[in-house]
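Q: The whole structure should be built from the sequences, with the hints applied where relevant.
There are 2 protein chains.
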Amino acid sequence: MNNIILAYNVNKGKTFLEHLKGKKPLFACVIGVTETAKIPGISAAGKNPELTYYTPSADVELLLFGKCKCISGVPVTPEGIPTPALITRAALKLADIPAIVISGGLKIKPQIPFIELGGSPGRDIRTGNAVDNVEEVVERAKVVGENLAKTVDYLVVGESIPGGTTTALGVLLAMGIDAEGKVSSSMPNNPHELKIETVKAGLRAAGIEFGTLAKDPLRAIACVGDPMMPAFTGLVIGAADKVPVLMAGGTQMSAILAIIKALNPEILDNTAIGTTKWILSDGKADLAGIVAQVADVPVLAINLDFSHSKFEGLKAYEAGAVKEGVGAGGACIAAILKSACSISTNALLLEIEKAYSQLMHSDKR
Amino acid sequence: MNNIILAYNVNKGKTFLEHLKGKKPLFACVIGVTETAKIPGISAAGKNPELTYYTPSADVELLLFGKCKCISGVPVTPEGIPTPALITRAALKLADIPAIVISGGLKIKPQIPFIELGGSPGRDIRTGNAVDNVEEVVERAKVVGENLAKTVDYLVVGESIPGGTTTALGVLLAMGIDAEGKVSSSMPNNPHELKIETVKAGLRAAGIEFGTLAKDPLRAIACVGDPMMPAFTGLVIGAADKVPVLMAGGTQMSAILAIIKALNPEILDNTAIGTTKWILSDGKADLAGIVAQVADVPVLAINLDFSHSKFEGLKAYEAGAVKEGVGAGGACIAAILKSACSISTNALLLEIEKAYSQLMHSDKR
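Here the protein sequences come in this chain order: A and B.
The opening position of the first sequence corresponds to residue 58 in the numbering used here, with each subsequent residue numbered one higher.
The opening position of the second sequence corresponds to residue 58 in the numbering used here, with each subsequent residue numbered one higher.
Hints listed in this document are in silico derivations from the structure and should not be mistaken for laboratory results.
Please note: incorrect hints may appear among the correct ones.
The list treats identical chains as one, so a pair stands whether inside a single copy or across any two.
As the list claims (entries may be wrong) - Pairs of lysine-lysine residues, derived as DSS-like cross-links and limited to a Cα-Cα distance of at most 25 Å, are as follows:
(1) 411 / 150
(2) 69 / 299
(3) 199 / 81
(4) 299 / 124
(5) 104 / 367
(6) 199 / 126
(7) 81 / 299
(8) 199 / 124
(9) 207 / 124
A: If you want it as structure tokens, here you go:
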């Protein structure tokens, strides 16, 4: 497993990986949208802020169906760098891993099957009143997690929500975790100032301060979080009681970790974070630095290398564009584990390039 | 497996059962509504025709959550006989079988997680234009079936849609299968005349005759079917290519069989129908008589006996009330198979009675 980096909590991470080798996973992708992503300059998960409402739905259409339906081509950043859903799709396809999509709250419904939990799109966190129905969505997602845990050996849970690192920062600060300047970004130039300012406006509007909601994570989500969070949290809590769960994502996962620690700390022993090398090498973020404040959970990362790709859009990942999303890192880790290491990161790159060249021919946005 | 009756195609049925013994199933419940159920006297799947819109959602709430949310108590017939969801719930609980809910088209959304396929509620089949978006829903359901088939050893698929035997008759006649007087009913007195009259009005309105749509099952659904059908069909087609599928239901399953035979006959070898003894002993219906016209698929039935139940509402099943629904028969068969026969039909009855007495205390409808 040379291609999987043990980035934090090395020994626990090694045990986690050994335990899952050759086992049967299910990949679940939790999607949602928040008006926070429409703040200019905050998210690159869409060609422009208006298109961020389409990104999660287009991502999961690509994931389950092999191409997007609600947009032409694939989601791209303003610079034209393609979505990490391409990576996730390639990993699941090569390792024949089943996938399921779960909505936490959307504006644009994907034209593929998805699990509805009764959640709504998130409001701009500067309102201090970002997410409705948090507790109910957590409860429904728990039921999904409990049931899915009876079908496979472990779960890999990814997410797609533009603006998600800002809402993660919101929840982390509301819960008293020092995350300023530590959350990642889909842009090479992480707009930390803008994120902090946005979160502080939300905390002020909600009448809370750093740490006020350390013991009330559901209220932290309701005030300054996003609708992906209650769905993701419930899913992990429901499943990790029975099977291991690989939480697939970047610094947003540290917010989920904090939420779970406040609700069900005992299940954290059955979890790990799975991400990409590009999150680790991001000098403008500090995933391990946040995780270390929360829980003793391993951080694993797939060592993908796009520097020799024939596509500039993929090479850009090496320069810090996109980095992670749609559970790309975790899906690659699961593909390697399921294949008992017979799938290489090079095979992944070739599969990604194949899909990319096919899909970009139809890109007319 | 004394408690499972080999009702039709005995040898194939025996092989099917032997093959699944001790294996790991997933139960999927496909729900939908049709305005056809509002024709007075056509359905007993609700206290009155208006309540039939609530029945499927209440059924799956009971299934996943242990009690109904969108109504108090549980769905009952006009005579107060409770839903077979009680049987399904007991079977899944005793054998620890995971469940998932899939909507084909609803008026009242269940307050539990469910898979959305983009379908709509069905219109009265007398319009001859009963179901929208049939092909798209089949395609989306296929994706679900393909993915779920990678998680477990086999699928059990049940349904809940009031008015479903009338729409089944519609599709069967449109496809040229002699089913007049052969479909079952949730009432002891099967209103065959009313059903036939309803279907004939639908066929007339659609400008079709007996057998016109033998090779166009999707149009048969669109004209005189219901929104459960495309979802159920796609799910079976997607899954049965890879794993066995037990189609859990009564005479409605013969319509699904006919649809699948016209679309993907090669997968029928990987299917069986699982139902209840009460469907077999229904002198006013003929499941085997319909199946025999369609395909060489086994019919299996659970030999539940409620004649000594302490509850009149359950005893009424022995007099021909309800009979089947929510995949009750197939869920019991799967429970017995999964437990390698350690779960008895008596244990099932005790579990059903326990749940029934708890739930009826809150019945205030």
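Q: For each hint, tell me whether it holds in the structure or not.
A: Cross-check of the supplied hints:
For the homomeric pair residue 411 and residue 150, the shortest alpha-carbon distance inside one copy (12 Å) is at most 25 Å, but the shortest distance between copies (45 Å) is not. Taking CA atoms no more than 25 Å apart as the test, residue 69 paired with residue 299 passes inside one copy only; the shortest distance there is 18 Å, against 36 Å between copies. In this assembly of identical chains, the alpha carbons of residue 199 and residue 81 lie at most 25 Å apart whether taken from the same copy (21 Å) or from different copies (21 Å). Proximity of residue 299 and residue 124 under a CA criterion of 25 Å is satisfied inter-copy only: 23 Å between copies versus 33 Å inside one chain copy.
When the C-alpha separation of residue 104 and residue 367 is checked against a cutoff of 25 Å, the pair qualifies only within one copy, where the shortest distance is 22 Å, while the shortest distance between copies is 65 Å. Taking CA atoms no more than 25 Å apart as the test, residue 199 paired with residue 126 passes between copies only; the shortest distance there is 17 Å, against 29 Å inside one copy. Taking CA atoms no more than 25 Å apart as the test, residue 81 paired with residue 299 passes in both settings, with 14 Å inside one copy and 16 Å between copies. In this assembly of identical chains, the alpha carbons of residue 199 and residue 124 lie at most 25 Å apart only when taken from different copies (16 Å versus 30 Å within one copy).
Taking the shortest Cα distances, residue 207 and residue 124 sit within 25 Å of each other only across copies (21 Å), while inside one copy they are farther apart (30 Å).
In summary, this structure violates none of the numbered hints.
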